[in-house]
Amino acid sequence: MKEIKIITKNLSLFYGDKQALKNISLEIQDKKVTAFIGPSGCGKSTFLRVLNRMNDLIDNVKIEGEVSVDGVNIYDKNIDVVNLRKNIGMVFQKSNLFPKTIYENIVYGPKINGIKDKKTLDEIVEKTCIQSAIWNEVKDRLNDNALSLSGGQQQRLCIARALAVEPEIILMDEPASALDPISTAKIEELIHDLKQRYTIVIVTHNMQQAARVSDMTAFFYIGELIEFDRTTKIFTNPSIKQTEDYITGRFG
Amino acid sequence: MSEQEKEFYSRSKDSKYGKRIKKFTRTKESLIKFFFAVNGVMALIFIILIFIFLFKEGFKALEHIGLLDFISTNRIGTDGSSQTVYEWYPTSTEPRYSLIPLILGTLLTAIPATLISTLFGVAAGIYLSEIANPKWKEFLKPMIELFAGIPTVVLGFIMLVIGASFFNDLLHPDNRLNAFVASIGLSFVIIPVIASLTEDALHSIPNDLRMASYGLGATKWQTISKVILPAAFSGVSASIILGFGRAIGETMIVLMASGNAANITTNIFLSVRTMTATIAAEMGEVSQGSDHYYSLFFIGIVLFTITFILNLIAELIINKMRKKNTF
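As you go down the protein sequences, you meet chains R and X in turn.
For what it's worth, the working numbering labels the leading residue of the first sequence as 55, then goes sequentially.
For what it's worth, the working numbering labels the leading residue of the second sequence as 274, then goes sequentially.
Hints in this document: simulated from the structure, not taken from any laboratory.
You may find that some hints are simply not true.
[As the list claims (entries may be wrong)] Just a few of them, taken from the derived set where beta-carbon distance is under 8 Å, the chain X residues facing chain R: (1) 424; (2) 427; (3) 482; (4) 485; (5) 487; (6) 490; (7) 558.
The model shown is predicted, which means the values in this text are computed figures rather than measured ones.
Ideal Cβ placement from N, Cα and C applies to all residues, glycine included.
Work out the full structure, taking the sequences as your base and the hints as a guide.
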């Protein structure tokens, strides 16, 4: 039984005159990991940012088509973008922790949502740190500057921070691309754990990573969705030649 | 040395790698280097010489007048009673050299001016960096910076003629020219300084942090107040401190708009006299080598020391913040 979380229909995106995404229609399943792969500049990150309307922050962006999350068109003009982003967490390529303490970083989201009770906040910190597998490393140093952590720890803390606002969907934009293999493995393990509870969409350059962590894989090329299928199918028996060429390393 | 080596080294004369640099070229290079080095060091030497001169002349005042006389003077009244006064009357037959009214005058104009300018300047900086659309900002920022370049004598004149009358009708102050009018005039100079530097500080905050905040569902205002401003804290405070320094050192506006009466007061609607205005107004008419002359240099030292200490304190605060790196 498959439950659909996000649907896009004929989605096109323009940066000024340049079309970055062409007529993309796809369905993202609930509580599954969906990976977007493709060469640089193929629009996979842009498409990811469509899903939580992060592109709104860039000038000159025009979007056509429809994006529905849980049956609601999120590009409807009456949609509260701030509330939308609370429910769709995002983890970026480069860890972008605030220059504050570890504790302050995690409670930033809950606090702006109006949670003031110290005990509740403490619980959120512990819960999200355990979920993002960083609790043992930070529990004794919650009041240290977050930027004193290692790169891999920072990225897991970013995930903890995203979990703290209790989203249902987590978007990850190449979350491990700047990390060493051990930290990458930890992140991937974490993604495995998180998919029990969250719908995860991950953009990655690393095809092995996509093969390891995802259930579904979408291959993008120059703004178009070339193929979208089960990961096992994409990586063993793709139905389109371009996909096969890419995953076997013939280009890209 | 083996035959082979000898042969190898003998080649050096006609090899294209072994060409000697011409003496002329070498001299030219070192002359150019020297020229720029002299110019670079010259600026520093001039400043040092100015300080030496200032302190040399200023400390003579201590020999002639004495440190305590710069704070208060004991006056013997007509009835023989002694009275401690804090007055600046250097040209009286019984000269009094208290700097207290001048220091108070400086603070009473500079502090309100800095407060007003912080309010408007930081707001303008936030608007430029975070809210204004890029095209509008491209036009607005140079305009604001241009404003800082208006000759202060023009601003002083405007405050003297128009500003003072306007506030006189509006607020009915005790004196038409007063500390308040002067601090408004000062604000015109300091707001652009603070606005421009605040914009720079905010602009230097990486976009990643804004994205992180919006991604967590923060509004624009929450992002500015909880992430951007705290992260730019040291830059913004540096801009305010620089503004304050400018307010203390500014001369023409306070000379023209503050009324120049050396009152001891905390009433912002009374005339005051600042240290800078005193030097500017009196230095031209003082007889060189007199006690009065040296005392003006002493004011210069005080002025210098105050700004120096202020900057030092600010620097320490900023450094402490930076070390903790938690805002």
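Practice item. Hold the hint about residue 427 of chain X up to the distance rule: shortest CB distance to chain R must be less than 8 Å. Key: violated, 38 Å
Review point. At a threshold of 8 Å, is the proposed contact between residue 482 of chain X and chain R supported by beta-carbon distances?
Key: The hint holds - residue 482 of chain X has a Cβ within 8 Å of chain R, the shortest such distance being about 6 Å.
**Study point:** Status of the hint placing residue 487 of chain X at chain R (closest C-beta pair under 8 Å)
**Key:** Status holds, d = 6 Å.
Point to revise | Closest C-beta approach of residue 490 of chain X to chain R relative to 8 Å, hint status | key: The hint holds - residue 490 of chain X has a Cβ within 8 Å of chain R, the shortest such distance being about 3 Å.
Review point. Should the interface hint for residue 558 of chain X be scored as holding, given a Cβ-Cβ cut-off of 8 Å against chain R?
Key: violated, 55 Å
Review point. Would the stated hint for residue 485 of chain X survive a check requiring a Cβ distance to chain R of less than 8 Å?
Key: holds, 4 Å
**Study point:** Given hint residue 424 of chain X near chain R, where the shortest CB pair must fall under 8 Å
**Key:** Violated. Min distance 38 Å.
Checked against the numbered hints given earlier, the structure breaks hints 1, 2 and 7 and satisfies all the rest.
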